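Colleague: The whole structure should be built from the sequences, with the hints applied where relevant.
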Amino acid sequence: MDLSRLVQESEFQWRMPVEAPMHVPGILYGDREQILQMDDKVYTQLYNVTLLPGLVGPVYAMPDAHWGYGFPIGGVAAFDADAGGVVSAGGVGFDISCGVRTLHTGLRPADVEPVKTVLADALFAGIPAGVGSQGSIRLDTRQMDAMLEGGARWAVEQGYGIPADLERTEERGCIVNANPADVSDHAKRRQRCEMGTLGSGNHYLEMQRVATIYAPEIADQYGLAHDDIVISIHCGSRGLGHQIGTDYLREMVLSAAEFGITLPDRELACAPIRSALGQRYLGAMRAGMNCALANRQIITHLTRAVVNSLLPHARLELLYDVSHNICKVEQHVVDGQLRELYVHRKGATRAFGPGSPDLDGALRDAGQPVLIGGSMGTASYVLAGTSSGEARSLSSACHGAGRAMSRRQARRQYGGRQVVDQLAERGIVIRSPSSRGIAEEAPLAYKDVDRVVDSTEQAGLARKVARLEPIICIKG
Amino acid sequence: MATQQRIWEHLEHDADIGLRAESKTREGLFEAMAEALTALVTEPAGVRADDTVTIHCEAPDDALLLVDWLNALIFEMATRSMVFGSWQVELDGQKLTGLVKGERVDRKRHEPVVEVKGATYTSLSVVHDKDGIWHAQCVVDV
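Going down the list, the protein sequences come from chains A and B.
Under our numbering, think of the first position of the first sequence as 1, with each following residue one higher.
Under our numbering, think of the first position of the second sequence as 1001, with each following residue one higher.
A few of these clues could be false.
As the list claims (entries may be wrong) - One side of the interface only, derived from the structure: several residues of chain A facing chain B at Cβ under 8 Å:
(1) G199
(2) A257
(3) R408
(4) R431
(5) P433
(6) G460
Claimed, not checked - Covered by chain B, according to a simulated footprint, are these stretches of chain A (three or more residues, beta-carbon under 8 Å):
(7) 13–22
(8) 90–96
(9) 181–192
(10) 238–249
(11) 258–268
(12) 373–383
If you're looking for bench data, these hints aren't it; they were derived computationally from the structure.
Owing to the predicted nature of the structure, the values given are computational and were not obtained by experimental measurement.
All C-beta atoms in this analysis are idealised placements derived from N, C-alpha and C, irrespective of residue type, glycine included.
Modeller: Pasting the structure below:
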């Protein structure tokens, strides 16, 4: 990215000044090298977002921002419905409510090491992953609608988990005001065989070791200690969310002129929040979010069964579950005023600081756990939301490493077998149905997650709590 | 890459994948983009033509018709758990009829790499150049 178009405000904060026809400035977070390495298209896409109506405050790019479609991945923007604000299907993306759930296990490395290979095989057999995999749960029309309204709460009621799981899930496991009637039959058909499946691409289930503790007092409140074994699940709303995105993007593209909205990029397709289309999209998107929460809850249930079959003393309790592709109604203080905003986070993680009324118990004192997924074979992180994040980024942080090279480049440089062997030398067991998929997800195809997280902390968006290193990785 | 006179390629994109194709005919262009889509998932030449699926699309312009066509293929692949290796497109103005042939995904034989979530409107274009060649590109989310 050309730095001459930005004003450096601090070591980790860069401003895109307002110039007509922008409505608001853009703020990019990252060190000089990270901003330099971002594609110019990140600038263009963030600039395009500043042209949308009803924006409140700056639009933001997180340190892991990269070229997406419509919004940049790692983009955050908030709209006021009363000021003509919009909701954008392109600002949420196809993988509605994609997110990360991390589970304690009560295990230590010595418990896992003797059964690591067997456990990897059992997890691979027990958690449907990859193209063409199907879950064992089939929902009829009534059950599908109940799931879309109830999210993880529905899943727990069906026996896929325990009530305590909900206390550690964003929105306590259920997004309100979801409307299954706003979800097309096509979307529901696409989900028919996909409940409890991981998907493919960068989605995974990992067993990880807590390698470093940075903030002992917060780690203690989160129940994390050095050498603890945890399990992280990264996936989203599967085919249902993809089809909701497809359906509403098309409708919003075709309706933009009718709303008097000029789209600098068709993929920014949006509709006024107060319009019938905007309301229908919100109803459908919230149903998609519930689908993602239910999906991760069911995968949790399957994971518990597999792990306990080999390690009966393991206790898989939720640390937290948080999404990073969403639009949610939140209260934020902007210019000294409390405003109700529709916050879009596309590849950015909500990061509420200490004292947030959305957090329960120990989390309210510590701040919300912010779960950052690494790439296959690299570290993941547990961060904590900070008080300063509210003013800096509407309580948003990064979501992962972000790709450094395209899938095609990765395929040219790495072989699947080579990647598996290299990771095995480091004690990491990979299981995946696709060798080419492993090559495309090679660790070096991604940016350095350590630096992304360092910049996130230095910028005051979230605080480092623990670094997790992979032991077993089940890739879709 | 060319298979059966279809010319297409995959483009570099940070997070997702771009498809680009060209053809002497508008129909051939839509067929080539479909082949490029399949090639993200598996090798098109390795797909048997066991079953036929008929797809109908209609859109106000060629770019939107291309997105609709790719999304219809993605939907059929997902709900039928199929991959396609043969495409025959007929166009009547802005109406498209596609006869596509393929088979159920065989995870061992096809080694499917990635499921495609949807076709996007980013960097989307369908152009008929002055030499009479049709060109298209589209970024898909994977």
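Colleague: Against this structure, judge whether each hint is valid.
Modeller: Checked hints:
no., hint, verdict
1, G199, "holds, 7 Å"
2, A257, "violated, 11 Å"
3, R408, "holds, 5 Å"
4, R431, "violated, 13 Å"
5, P433, "holds, 5 Å"
6, G460, "violated, 26 Å"
7, 13–22, "violated (count 0)"
8, 90–96, "holds (count 4)"
9, 181–192, "holds (count 4)"
10, 238–249, "holds (count 6)"
11, 258–268, "holds (count 3)"
12, 373–383, "violated (count 0)"
Hints 2, 4, 6, 7, 12 from the earlier list are contradicted by this structure; the remaining hints agree with it.
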